[in-house]
Amino acid sequence: MLPDIYLDNSATTPVLPEVAEAVDRVLREFPGNPSSLHAKGLEAERLLRRAREETARLVGVKPEEVIFTSGGTEANNLAIRGIAHRRRRQGRHLITTAIEHASVLNTFRELEEDGFRVTYLKVSTGGLVEPGEVIRAVGDDTTLVSVMHVNNETGSLQPIAEIGRLLAPYQPQVAFHVDAVQSAGKLDLFPHRWGVDLLTLSAHKIHGPKGVGALVVREGVRLEPLFAGGDQERGLRPGTENVPGIVGLGEAARLVRGMAPEARVRWPRLQQLFLAELSRGADYVVNGPGPGSEPGVPYILNLSFPGVRGEVLVHMLEEQGIYVSTGSACHSRRPEPSHVLVALGLPRRRWESAIRVSFSFLTTEGEVAMAAALLARTVEEYRRMM
Amino acid sequence: MKGANRLDFELRLVANMQWAMRDLPQRHISRTFGRIFVPVDGDGPEVVERLARVCGIVSLSLARRAPLDIEAILAVSLDLARENIRPGETFKVETRRANKKFPLTSPEVSRLGGAHILGHMPEVTVDVQQPQRTVHIEIRDQEAYIYVDSVSGPGGLPVGSSGRGLLLLSGGIDSPVAGYLAMRRGVRVTALHFHSFPFTSERSREKVVDLCRRLSLYGGPVSLYVAYFTEIQKAVRQNCPEELYVTIMRRMMFRLAEHWARETGCLAVFTGENLGQVASQTMESIAVIGEVCRLPILRPLIGMDKADIIAWARRIGTYEISIRPYEDCCTLFVPRHPATKPKLAKVVESEASLDIQALLAESMARTEVVRVGGDEDTGREDTGASPLYKATWTEQENREDQGDSGLDRPGPRVLE
Numbered sequence: 001m002l003p004d005i006y007l008d009n010s011a012t013t014p015v016l017p018e019v020a021e022a023v024d025r026v027l028r029e030f031p032g033n034p035s036s037l038h039a040k041g042l043e044a045e046r047l048l049r050r051a052r053e054e055t056a057r058l059v060g061v062k063p064e065e066v067i068f069t070s071g072g073t074e075a076n077n078l079a080i081r082g083i084a085h086r087r088r089r090q091g092r093h094l095i096t097t098a099i100e101h102a103s104v105l106n107t108f109r110e111l112e113e114d115g116f117r118v119t120y121l122k123v124s125t126g127g128l129v130e131p132g133e134v135i136r137a138v139g140d141d142t143t144l145v146s147v148m149h150v151n152n153e154t155g156s157l158q159p160i161a162e163i164g165r166l167l168a169p170y171q172p173q174v175a176f177h178v179d180a181v182q183s184a185g186k187l188d189l190f191p192h193r194w195g196v197d198l199l200t201l202s203a204h205k206i207h208g209p210k211g212v213g214a215l216v217v218r219e220g221v222r223l224e225p226l227f228a229g230g231d232q233e234r235g236l237r238p239g240t241e242n243v244p245g246i247v248g249l250g251e252a253a254r255l256v257r258g259m260a261p262e263a264r265v266r267w268p269r270l271q272q273l274f275l276a277e278l279s280r281g282a283d284y285v286v287n288g289p290g291p292g293s294e295p296g297v298p299y300i301l302n303l304s305f306p307g308v309r310g311e312v313l314v315h316m317l318e319e320q321g322i323y324v325s326t327g328s329a330c331h332s333r334r335p336e337p338s339h340v341l342v343a344l345g346l347p348r349r350r351w352e353s354a355i356r357v358s359f360s361f362l363t364t365e366g367e368v369a370m371a372a373a374l375l376a377r378t379v380e381e382y383r384r385m386m
Numbered sequence: 001m002k003g004a005n006r007l008d009f010e011l012r013l014v015a016n017m018q019w020a021m022r023d024l025p026q027r028h029i030s031r032t033f034g035r036i037f038v039p040v041d042g043d044g045p046e047v048v049e050r051l052a053r054v055c056g057i058v059s060l061s062l063a064r065r066a067p068l069d070i071e072a073i074l075a076v077s078l079d080l081a082r083e084n085i086r087p088g089e090t091f092k093v094e095t096r097r098a099n100k101k102f103p104l105t106s107p108e109v110s111r112l113g114g115a116h117i118l119g120h121m122p123e124v125t126v127d128v129q130q131p132q133r134t135v136h137i138e139i140r141d142q143e144a145y146i147y148v149d150s151v152s153g154p155g156g157l158p159v160g161s162s163g164r165g166l167l168l169l170s171g172g173i174d175s176p177v178a179g180y181l182a183m184r185r186g187v188r189v190t191a192l193h194f195h196s197f198p199f200t201s202e203r204s205r206e207k208v209v210d211l212c213r214r215l216s217l218y219g220g221p222v223s224l225y226v227a228y229f230t231e232i233q234k235a236v237r238q239n240c241p242e243e244l245y246v247t248i249m250r251r252m253m254f255r256l257a258e259h260w261a262r263e264t265g266c267l268a269v270f271t272g273e274n275l276g277q278v279a280s281q282t283m284e285s286i287a288v289i290g291e292v293c294r295l296p297i298l299r300p301l302i303g304m305d306k307a308d309i310i311a312w313a314r315r316i317g318t319y320e321i322s323i324r325p326y327e328d329c330c331t332l333f334v335p336r337h338p339a340t341k342p343k344l345a346k347v348v349e350s351e352a353s354l355d356i357q358a359l360l361a362e363s364m365a366r367t368e369v370v371r372v373g374g375d376e377d378t379g380r381e382d383t384g385a386s387p388l389y390k391a392t393w394t395e396q397e398n399r400e401d402q403g404d405s406g407l408d409r410p411g412p413r414v415l416e
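Protein sequences appear in the order of chains P and C.
Mapping of the first sequence onto this note's numbering: position 37 corresponds to residue 37, and the numbering continues sequentially without gaps.
Mapping of the second sequence onto this note's numbering: position 388 corresponds to residue 388, and the numbering continues sequentially without gaps.
These aren't lab readings, by the way, just hints derived from the structure by calculation.
Keep in mind it's a predicted model, so treat the numbers as computed, not measured.
Careful: at least some of the hints might be erroneous.
In silico SDA-like cross-links for lysine to any residue, where the CA-CA straight-line distance does not exceed 25 angstroms [as the list claims (entries may be wrong)]:
| id | chain 1 | residue 1 | chain 2 | residue 2 |
| --- | --- | --- | --- | --- |
| 1 | C | Lys234 | P | Gly290 |
| 2 | C | Lys234 | P | Arg136 |
| 3 | C | Lys234 | P | Arg46 |
| 4 | C | Lys234 | P | Arg348 |
| 5 | C | Lys234 | P | Gly281 |
| 6 | C | Lys234 | P | Ala282 |
| 7 | C | Lys234 | P | Arg384 |
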């Protein structure tokens, strides 16, 4: 029997059975619209309230600060456009980094077309932003700083607390947004203490359903909504709430909060085990933060096997029941690098041969050991074959 | 075209038209003197859209009938003019009188028609030289047909009237166009795709299935042979000189093409090759590569510019599929300096280190067949679509086949 080892958890995670059951139950048994006056509406509203509390607890904020969205992309759009447009008379300068997710970078690019100025901060070879650089970029007309917490490709961990501390004198004129899609539920977050005004999270990265996420909007921070409509989600996200999805997010949040203490001990062990097992059979280089170097999370590993084509490796592994992803994509016969690996300053032979391995709350030592052994063997086979 | 040939042509065309409309309400199609009549019942535009893709049809007109009475003909002509001619446009009326017993001559009918329309529509003008719109009146034995303008069909010959051909289909822009042009000359196409997982992905295979589905709109269901090519690529890379990778790989492709062509009753191999486009498409390369295949290799695009090919691909709707980014990592097998003028003797010598027969046999044994575009399209399940949707699709695809008895018998099959 082929193994089925899923190590592409930065892309998405499998839904926990309890979450699937909760979503299924809501779909079948709770048809009400939370805005309705009658009992069925009230039932649905209670479900939302419960999910909002669980989600708030996961990231250490108040329930009233949680705005449910259709996912991380919408939450990022809402945060960035919401501040930029709301404060456009106050200033038109925005700051972000070169390694953000596409939903952040492309939102900023569109705002540039609308007349905003955007500073894209460079990162070190370890994938880190220098907090001092952020402050140096702030000007009189700056209204927003947006920095991701954990990078989805390399796992680099940005110094959010430090950036927040240095930004404090400029607040509230400058809003601070953090895309925490890859860290929410996995790391302890303290948005209030860090001075974070807006924080993005997504359900399907923590074993919840796809199509639901949230933007945390700190009390007192005003945004321009993306859509016109009713007054759901304090008017910031009009439209009848995705009750089953939101319940799925709440349930996932509750469950991973229970699993986190153990997982946080397990992930560094998995990382060490994986690299140790791999070292026995293959030459590799770690891209971005490695164990014991720059700050990075142990559940995302970006590796290069120089001379090997990442995409081919992904397909060879999939044939053996191991699922990982690449650091570059083959577009019309020519591989194109990921913007993150390019921002790290990696040469072609590094990004061309990069793969990403990412763990979830469910990943076991046995899976990791087996995947590393098969990966080493596959790299060896590739080198022999080519 | 004459006699039995013409009859065969027309019957095939009618069968292909029936197939193109197989999920619309059944109707009787009749033929007379170079015209084919398809009754429509409120679904005219849909029928025109389907039939405009059927090879062998030169033009289509959505006509309305009138009894053989000049008053009735004029009334219908005016109705159609009102529906179709916009203010400020120029028009003329053109009459064909197949029924010589009709009391008025063609010029007389045209003149009356023009005057009648002008009399009721002051916002349009007549231009007999270069009208923007033309109202056609055809007077036949039983009744008259009136229509404004025509839609062009693809022309050419009905698919199937020239026999079967094997199309090498890569997933790029060129080969689907070559397939379409072959269909337009009456060829029923069987497709052959070379799949080199893990060097090409499942998605690039899915892309080829989608290309076949698009081609099937023009020429009926397509059988797609997905040939296993991984071992051949590896063997060539390991054993042959780098500058000859492409030459030798393509010779292997044509050996397989000849096998599958003979196996499936194809009379020729069709490719999207285009002279001078890449190293393997010089005359020297074409000669050395084609030498392994004893069937004719036909190249409908040989004299076209890339821009012409792209224009065709857009017109037939394959371009958007072809440019999907899931292209393969075949660059691994593209030498830095490919031979543009390979010498046959050198190529044959380089191939000596390969166990050609064993490699071909392995590929043949691992070749899969996907039926695309027919009543039992196996492309969807085969390319990993979720079984969740299978039931729904089967329902939709489970249509009554009223069509060509020469069409492929559906059903998946893996060759031994």
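Checked hints:
1. Lys234(C) with Gly290(P): Violated, at about 34 angstroms.
2. Lys234(C) with Arg136(P): 54 angstroms, violated
3. Lys234(C) with Arg46(P): 61 angstroms, violated
4. Lys234(C) with Arg348(P): 24 angstroms, holds
5. Lys234(C) with Gly281(P): Satisfied, since the Cα-Cα distance of roughly 22 angstroms is no more than 25 angstroms.
6. Lys234(C) with Ala282(P): Judged against 25 angstroms, a Cα distance of about 21 angstroms means the pair holds.
7. Lys234(C) with Arg384(P): Holds: Lys234(C) and Arg384(P) sit about 10 angstroms apart, inside 25 angstroms.
Of the numbered hints listed earlier, those contradicted by the structure are 1, 2, 3.
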